[in-house]
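Chains as they are written, first to last, in this note's numbering: chain A, 1 to 277; chain B, 1 to 277; chain C, 1 to 277.
Source of the hints: derived by calculation from the structure; they are not laboratory data.
Possibly wrong hints are sitting among the right ones.
Unchecked claim - Keeping only pairs whose Cα atoms sit at most 27 Å apart, straight-line, the calculated BS3-like set for lysine-lysine is:
1) K255(C) x K255(A)
2) K255(C) x K255(B)
3) K255(B) x K255(A)
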Amino acid sequence: MTAADNGGTAMTRVVTLTTDFGSGSGYVAELKGRLLQAMTPFTLVDISHEVPPHDIRAAAWLVGQSCPAFPTGTLHIVVVDPGVGTERQLVWARLGPPQAHQEFLCPDNGVLTLALKRLPLVAARRIRVPPEASATFHGRDVLAPLAARFLDGLHPESLGDPLDQLATLRWPAPEEAPTGVQGEVINIDAFGNLVTSLPATLLPRLQATGYLRVGRHEITTLVRTYGEAAAGSAVALIGSQGFIEVAVVEGRADKRLSARIGTPVAIDIPASENRPN
Amino acid sequence: MTAADNGGTAMTRVVTLTTDFGSGSGYVAELKGRLLQAMTPFTLVDISHEVPPHDIRAAAWLVGQSCPAFPTGTLHIVVVDPGVGTERQLVWARLGPPQAHQEFLCPDNGVLTLALKRLPLVAARRIRVPPEASATFHGRDVLAPLAARFLDGLHPESLGDPLDQLATLRWPAPEEAPTGVQGEVINIDAFGNLVTSLPATLLPRLQATGYLRVGRHEITTLVRTYGEAAAGSAVALIGSQGFIEVAVVEGRADKRLSARIGTPVAIDIPASENRPN
Amino acid sequence: MTAADNGGTAMTRVVTLTTDFGSGSGYVAELKGRLLQAMTPFTLVDISHEVPPHDIRAAAWLVGQSCPAFPTGTLHIVVVDPGVGTERQLVWARLGPPQAHQEFLCPDNGVLTLALKRLPLVAARRIRVPPEASATFHGRDVLAPLAARFLDGLHPESLGDPLDQLATLRWPAPEEAPTGVQGEVINIDAFGNLVTSLPATLLPRLQATGYLRVGRHEITTLVRTYGEAAAGSAVALIGSQGFIEVAVVEGRADKRLSARIGTPVAIDIPASENRPN
Chain A
1 MTAADNGGTA
11 MTRVVTLTTD
21 FGSGSGYVAE
31 LKGRLLQAMT
41 PFTLVDISHE
51 VPPHDIRAAA
61 WLVGQSCPAF
71 PTGTLHIVVV
81 DPGVGTERQL
91 VWARLGPPQA
101 HQEFLCPDNG
111 VLTLALKRLP
121 LVAARRIRVP
131 PEASATFHGR
141 DVLAPLAARF
151 LDGLHPESLG
161 DPLDQLATLR
171 WPAPEEAPTG
181 VQGEVINIDA
191 FGNLVTSLPA
201 TLLPRLQATG
211 YLRVGRHEIT
221 TLVRTYGEAA
231 AGSAVALIGS
241 QGFIEVAVVE
251 GRADKRLSAR
261 IGTPVAIDIP
271 ASENRPN
Chain B
1 MTAADNGGTA
11 MTRVVTLTTD
21 FGSGSGYVAE
31 LKGRLLQAMT
41 PFTLVDISHE
51 VPPHDIRAAA
61 WLVGQSCPAF
71 PTGTLHIVVV
81 DPGVGTERQL
91 VWARLGPPQA
101 HQEFLCPDNG
111 VLTLALKRLP
121 LVAARRIRVP
131 PEASATFHGR
141 DVLAPLAARF
151 LDGLHPESLG
161 DPLDQLATLR
171 WPAPEEAPTG
181 VQGEVINIDA
191 FGNLVTSLPA
201 TLLPRLQATG
211 YLRVGRHEIT
221 TLVRTYGEAA
231 AGSAVALIGS
241 QGFIEVAVVE
251 GRADKRLSAR
261 IGTPVAIDIP
271 ASENRPN
Chain C
1 MTAADNGGTA
11 MTRVVTLTTD
21 FGSGSGYVAE
31 LKGRLLQAMT
41 PFTLVDISHE
51 VPPHDIRAAA
61 WLVGQSCPAF
71 PTGTLHIVVV
81 DPGVGTERQL
91 VWARLGPPQA
101 HQEFLCPDNG
111 VLTLALKRLP
121 LVAARRIRVP
131 PEASATFHGR
141 DVLAPLAARF
151 LDGLHPESLG
161 DPLDQLATLR
171 WPAPEEAPTG
181 VQGEVINIDA
191 FGNLVTSLPA
201 TLLPRLQATG
211 YLRVGRHEIT
221 TLVRTYGEAA
231 AGSAVALIGS
241 QGFIEVAVVE
251 GRADKRLSAR
261 IGTPVAIDIP
271 ASENRPN
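Turn these sequences into a full structure, and let the hints guide you.
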């Protein structure tokens with residue numbers, strides 16, 4: 001979309017930034033300065049610059065969580081790139097159906113893993129790194145100038161070779177075991193709430209069993225929202241991300257339950273279904 | 001581009017966000033994505049996503065401090081909402097005179113307490129929660145889409161029932177006691193400066209007494225601005241918020257004086273006015 | 001303003017903010033609210049609000065690193081101002097050639113030291129502080145309203161007296177010594193990477209010597225980019241800022257090498273050039 005295309009009706013194109021540079025980093029400022037060299041107005045949105053350093057998995061969660069909420073045609077620039085300057089590719093990608101597509105500029109290192117689970121890959125292109133680019137900051141020297149050219153009308157078809165698939169990380173999925181369904185903690189938010197890999201569709205099984213196992217703890221209070229239990233209670237509920245979530249009301253579940261990313265969670269087979277051998 | 005280019009009209013409408021989601025949270029990104037679905041351009045400003053989790057009082061301070069500075073018609077979205085999904089109401093409110101009004105979308109849990117002290121309530125409406133909204137993220141599922149509809153022309157009159165008043169927190173006010181006037185620390189800023197509940201109008205009494213009591217400490221250096229005393233000095237002055245403030249020059253008053261929100265402060269009756277029984 | 005109103009020509013003027021107020025500070029919100037009182041649309045960019053309190057040197061680094069990347073005519077507001085309300089001046093300055101000039105509103109306390117090394121001073125004016133301004137928050141009461149007036153067409157020539165030069169801090173430069181060239185750590189980024197004062201042009205000497213001295217450590221692995229050495233390796237390379245930089249691959253060089261701002265670094269004379277007495 002260009003300014004002309006929207007006839008003055010809608011917002012300008014949205015460009016988002018996700019990095020591990022740290023809030024207030026001069027690297028972020030350099031990225032923004034380069035982007036703002038575009039001749040076409042756009043709306044710049046920071047998603048995060050607080051991704052833990054080099055944590056591709058955390059970036060993949062954040063991008064996958066966030067991108068479906070943005071307007072069609074949003075361009076997401078993701079610079080969590082421990083392999084900058086090595087053989088890893090830089091890519092442009094379009095995901096999702098025409099009425100709700102999202103575009104990305106990023107290293108092909110797995111940062112789109114969750115986004116690709118939510119929105120199908122429509123097109124991708126390899127990006128050539130110009131010889132004058134630094135070896136250590138492709139976000140500033142390659143991706144931001146390219147984004148500015150996209151804003152000003154460059155077509156992605158003019159980029160390098162098309163790609164059929166992108167790199168992805170192993171992503172935790174629930175597994176059926178003889179004792180029940182097993183998952184793990186996949187995200188911990190700023191409240192200390194634990195988002196698990198168990199989808200909301202497992203709620204009936206959770207209700208039948210009556211408790212959620214989190215590491216060595218059993219969470220027996222199942223609620224619809226945080227405020228339904230007393231402050232300090234550990235509760236399980238369907239969170240806003242569509243997964244079963246664990247919280248401590250007005251407290252921190254990660255601390256209370258000594259949980260971290262990867263901590264096992266499980267819904268056991270209900271006691272009534274256990275059969276003696 | 002200059003003002004003339006766009007007909008000299010004005011900035012687009014300003015929308016601010018204040019949450020306890022944490023900087024770089026995917027929840028903030030989801031809020032912004034939904035807002036940006038508006039068809040009408042607007043200016044998005046982050047006030048803070050660093051409100052301490054569930055701290056309605058801190059949010060009330062921040063909103064009350066900030067909102068009067070914004071252009072007329074600014075829409076402030078405040079999502080510090082430990083009671084999300086329970087009986088607490090969501091509200092739209094308009095505060096202040098027509099030439100300087102501010103609008104709000106927030107839970108009716110006291111986050112507007114200080115704003116209401118600075119700007120009178122003009123109108124408020126209850127917001128209906130649509131049945132498809134999640135139980136845990138009304139910011140994303142109710143307030144942001146509603147804000148987008150306001151931007152696109154929806155009139156607040158189409159919302160739920162009008163409200164005559166909003167929930168407020170107890171807010172500290174100075175009290176006269178036989179020994180003098182008593183207040184407390186109501187905010188601590190990033191420099192460690194202590195903002196007290198004692199208004200600037202008490203300066204003559206402070207000067208007559210010659211010191212400010214802060215917990216067990218007496219601050220005897222009264223200055224006009226920080227740089228008027230040597231580095232390391234504890235000083236009292238009229239701060240930019242219109243209250244008596246305590247600072248340590250190029251240091252941290254909160255650490256030095258072991259002060260926190262609620263620490264008592266006092267201006268004693270001057271010694272010359274003390275009468276023997 | 002809509003996209004159509006500006007004919008799709010160009011971005012609006014960019015205004016950046018750099019402060020030590022802390023992310024999410026109400027002081028930042030007050031600054032922004034005042035700025036947004038401008039009648040002319042502009043693009044507001046946060047560079048940082050995480051400058052360490054009162055750290056003029058850190059602000060000077062950040063402003064110097066960032067400003068050259070921004071579009072011509074960008075207005076940078078820098079409020080790291082421990083001397084607010086004292087004799088220190090407030091200034092407006094224009095730096096750099098007409099095709100790439102940057103403008104600044106800031107205290108004249110050295111925050112432009114590095115910017116002035118990168119872009120020559122073209123013009124500067126003293127700013128008069130109006131009597132109604134607070135003594136402790138000139139960013140809000142003087143600089144932001146003035147920036148709004150600039151946006152709306154005020155010419156800097158209407159300000160106070162012209163200035164020929166601005167205050168600068170001592171800035172570390174490499175020094176030749178009998179044992180080699182000596183510098184120091186001038187910045188540490190969010191990854192813990194150490195940016196040194198040794199410019200990239202010293203690379204041939206570093207290669208001839210074969211190691212970089214950092215405090216009591218010798219870094220013997222010289223690479224082109226981080227990913228060229230194994231995780232955990234301490235490496236030296238040319239960083240994105242044009243200086244020799246020290247990193248620990250997927251780790252933190254500051255922690256590993258116990259380095260901080262000012263830690264000495266050196267490229268010794270190659271062993272082959274050492275002559276016995």
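Structure-based check of each hint:
no. : hint              : in the structure
1   : K255(C) x K255(A) : 26 Å, holds
2   : K255(C) x K255(B) : 26 Å, holds
3   : K255(B) x K255(A) : 26 Å, holds
The earlier numbered hints are all upheld by this structure, with none contradicted.
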